[in-house]
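Peer 1: Could you build the full structure based on these sequences and the hints that come with them?
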Amino acid sequence: MAKNWRLILSGPADAYTNMAVDEAIFFAYCEKKAIPTLRLYTWDPPALSLGCAQDPFEELDLKKCVRANIDVVRRISGGGIIFHDQELTYSASCNKEDIQAFGSIADSFKSFCAFLLSMYRTLGLCPVFANEAVPRLSLQRPSVFCFSSCAKYDILIGGKKIGGNAQRRKKDFIFQHGSIPLEFDAKKATSFLKKDPGRIKEKVCALNEAAGREVDLGMLQGILVQSFKETFGVSLDEGELSSWEKTLALRLREEKYSLQDWNLRRHEHRLEEAYVAA
725 MAKNWRLILS GPADAYTNMA VDEAIFFAYC EKKAIPTLRL YTWDPPALSL
775 GCAQDPFEEL DLKKCVRANI DVVRRISGGG IIFHDQELTY SASCNKEDIQ
825 AFGSIADSFK SFCAFLLSMY RTLGLCPVFA NEAVPRLSLQ RPSVFCFSSC
875 AKYDILIGGK KIGGNAQRRK KDFIFQHGSI PLEFDAKKAT SFLKKDPGRI
925 KEKVCALNEA AGREVDLGML QGILVQSFKE TFGVSLDEGE LSSWEKTLAL
975 RLREEKYSLQ DWNLRRHEHR LEEAYVAA
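Numbering (the numbering used here), first residue to last: 725 to 1002.
Source of the hints: derived by calculation from the structure; they are not laboratory data.
Keep in mind that this is a model prediction, so the values were computed, not measured.
Where a beta carbon is used, it is the ideal one built from N, C-alpha and C, also for glycine.
Simulated pairs of lysine-lysine, DSS-like, Cα-Cα distance not exceeding 30 angstroms:
| id | residue 1 | residue 2 |
| --- | --- | --- |
| 1 | Lys876 | Lys834 |
| 2 | Lys727 | Lys820 |
| 3 | Lys787 | Lys925 |
| 4 | Lys756 | Lys834 |
| 5 | Lys834 | Lys757 |
| 6 | Lys970 | Lys820 |
| 7 | Lys876 | Lys911 |
| 8 | Lys884 | Lys927 |
| 9 | Lys918 | Lys980 |
| 10 | Lys953 | Lys970 |
| 11 | Lys787 | Lys980 |
| 12 | Lys953 | Lys834 |
| 13 | Lys895 | Lys953 |
| 14 | Lys911 | Lys884 |
| 15 | Lys925 | Lys788 |
| 16 | Lys912 | Lys788 |
| 17 | Lys894 | Lys727 |
| 18 | Lys927 | Lys876 |
| 19 | Lys894 | Lys820 |
| 20 | Lys788 | Lys927 |
What follows is a list of derived Cβ distance ranges for each label pair:
| id | residue 1 | residue 2 | range |
| --- | --- | --- | --- |
| 21 | Ile829 | Lys919 | 22 to 30 angstroms |
| 22 | Ala726 | Ser915 | 39 to 47 angstroms |
| 23 | Lys911 | Cys850 | 23 to 31 angstroms |
| 24 | Gly848 | Gln810 | 17 to 25 angstroms |
Peer 2: Structure (structure tokens):
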């Protein structure tokens, strides 16, 4: 019998709200106040997100971000900077058993990303993990900008990286979220960085470019949900945040994610708690 998951279709929200809701759901799951949950959402207005251990003063032109009204938010996951604009973002809160991931952190990351390969294939594309297409010595070291690096379980289409995914662990509990860009403006996305990542257009693609057509957001959501169900053998029933989660998300937004103390201060996490393939 398929295990039941909750599906939350949040729609657009600002950066602080999106990260607060993600953490509230994960915390609720860890506290046994929620079942495994897949959440889909978008970003409005566009924003930059940082990995949990990044230093924004070293890596971002913060004054330019302020002038352009671009919010900067720190994630609870690791990895590099992502510019969130025309994209679909997913987040999932579960445990190892829910996705049958009993190996290393890297193994669980590969297991989790399998549904993305299925989704892209349904769209008629030919995605591969980077380690299947790129010689080991050619895999790039982590970069401050997520999309400019390429690790073994990043997803490539036509030799270019698409999206980025990051994970946070708490014992056997897993939180993973990822970006699926429909469009990617390399010039705008990198204009807020202090250092030019270089040749980004040669390394990165977005979904519309890869598909050679404009992919409808609603259709993409439907394909993602179906791919997730088939990959993990689960059912997904659409639901809403509980009142407990809503209260916690509001508190996290106001007392954490909208504050400079969280967003602009460098945070250290142990490797097993924050893992990223980008």
